[in-house]
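Colleague: Put chain U on the given structure of chain P with help from the hints.
Chains P and U are the protein sequences, given in the same order.
Numbering-wise (this note's numbering), the first sequence opens with residue 1 and increments by one.
Numbering-wise (this note's numbering), the second sequence opens with residue 1 and increments by one.
These are computed hints drawn from the structure, not numbers from a lab.
Being a predicted model, the structure only gives us computed values, none of them experimental.
It is possible that some hints are incorrect.
Just some of the chain P residues that point at chain U, by a computed CB distance under 10 Å [claimed, not checked]:
hint: 1; residue: Pro-5
hint: 2; residue: Arg-99
hint: 3; residue: Leu-113
hint: 4; residue: Phe-131
hint: 5; residue: Tyr-245
Far from chain U by the CB rule (all over 10 Å, computed), these chain P residues [what the hints assert, rightly or not]:
hint: 6; residue: Leu-39
hint: 7; residue: Tyr-56
hint: 8; residue: Leu-64
hint: 9; residue: Gly-142
hint: 10; residue: Arg-151
hint: 11; residue: Arg-152
hint: 12; residue: Leu-224
We put the beta carbon where it would ideally sit given N, CA and C, even for glycine.
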Amino acid sequence: MTTGPARSLLTGLAWISPWLVGVALFTAVPAAMSLYYSLTDYTLLEGPVYIGLDNYRELGGDRLFGIAVRNTLVFAITASLSATVLSVLLAVLLEQRLRGAGLVRAIVFLPTLVPVVSACVCWLWLYNAQFGLFNSVLAAAGIDGPDWLGRRDLALPSLVFMSLWIIGSPLLVCSAALKDVPAALYEAADLDGISRLGRLRHVTLPMISPAILFNAIMSIIWSLQVFAPPQIMTGGGPENSTLVYSMYVYWNAFIYGRMGYASAMAWIQMLVALGLAGGVLGLSRRVIHYRAA
Amino acid sequence: MTTKPNQPAVRRRRPRIGLYMLMWAAGLVYVAPLLWMAAVSLKPAREAAAPGVGLLPAFTEPPTLDGPPSMLAVSYWARLAAQASQNYGEVWHSPVADFPLYLHNSVLVSVLSVAGMAVSSAIVAYGFSRVRWPGRDGVFLVVLATLMIPQAVLMAPLYVLFKQLGWIGTFKPLWVPAWFGGAFSIFLLRQFFLTIPRELDEAARIDGCSHWGTFTRIILPLSRPALAVVVLMQFIASWNDFLGPLLFLNHQDQYTLALGLHMYQSQHGGTPWNLVMAASFMVVAPVLAVYIFARRYFIEGVSAEGVKG
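Just chain P, same shape as in the assembly (with noise of 0.2 Å):
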């Protein structure tokens, strides 16, 4: 019989046990390979060879590098921005007590369940460059509508807004924040004779904006990996123009077969996301109102 406080240490370490297994398994084994392999010669058909930093030297010279990083950085900025204000929008509009508002939620929401392959066939029609629902509507209002997806100023951009439609996750957040605020708030801004807009920005905004710093957070660290549409729908172009960073990756990993080359970009991209979340949180703390809890 062992003691207290180490029997219930064990007790719980037993009841947490498959996370620890799995854990180290898949996610922490995996990382330090990674780390490990990044610092090596390893193309999966010999073992890996220690070359110290040559793989992340080479990274500098890598024209492709840093294309991908570039249109990465441009879609990830571009598109967190534009889906964390939308969603604040959208929260508000939704907000507004209208009738049918609980169905357009259900709506707004369904694309975010939807298979990524599927939502990229069907974007790939959308956007296709003869019969696409939106070059049809912009025939019917006499514009000859471009090749989106084949343009390379238009490539990158038309992903950006393919990603607008999956909004669910930010909205829900946004919107349970705006049940939280309270009526009390609203009542003292309407006898000071505040008018909407000014409830907007002076009330609301600031009460939700851990929330939105939340969404921000999340939607640059999920827009860093972003890898299923464009390889998918672009295969990175045309001319690289939509070439990201996880693509290029999953294209030295297993196309190229360099895996110690993929493994210190990857753990670049691991050091990028987490400083960039890092880097809003601790920004933000200045301008964001936090509640006492």
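Modeller: Using the frame of chain P, we list chain U on its own:
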């Protein structure tokens, strides 16, 4: 939706037609892609490959003396039904993609992952909420932190690991990890367990119930709504997964519906759009059905993701 009287009566009397128009416009924009996906899947190939915004096919081919059939006629709807069953039948029996088999694979992987995720996450969540042990809350923060790790970081080493285990080309990489719990499910169940009054377990302990007995006889039966959320979220995650099957399956016979659809679409290059959309709609349909009947649980699940922030 609960509403609060946060708007005085004066404000309600203002014309809100603009707001209504905005709201329904948003609804229309968000439903349009799925609506047209379903619509195109019902069209003859000729019409699907021609510009047009119409939802229902006109059936202008082959031309008849009376012109295109009227939508008011029964014959029009009979023809639509025939076209639909022809399109979906062609996809189902496609020579290039074995959709019945992919459906079987998807169901198998989803069921195994869902079962594993629910069972293991519930056990772990009990350890994080009902057993008192030193360092518990610190370790729980580590659970939450694992949510932040980008999947791409683990792509290459997981492949190597599964290769060494001999799992590449089997379904194991897609469902075995679920049996070790998932951070999000653990979080969700823990939060729910914490709302169950402790007096219940204490009474059970006095009656001589072990932790395991308390877990199976008290906590689990009271947690059905939270377990439903975990089951549904995990079903969606497995059903929709694209990266996992892409990385770890290497033979067409093992494809899941998502990967099978990708293969089918890329082989066709999208040309018979009615068939590609029919295949795509087949993959979405189960999700739609589950959503219609269990929307509340999804909303709870996704909202919970916000609480942990």
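Colleague: Check the structure against each numbered hint from earlier and tell me which ones fail, lowest number first.
Modeller: 12
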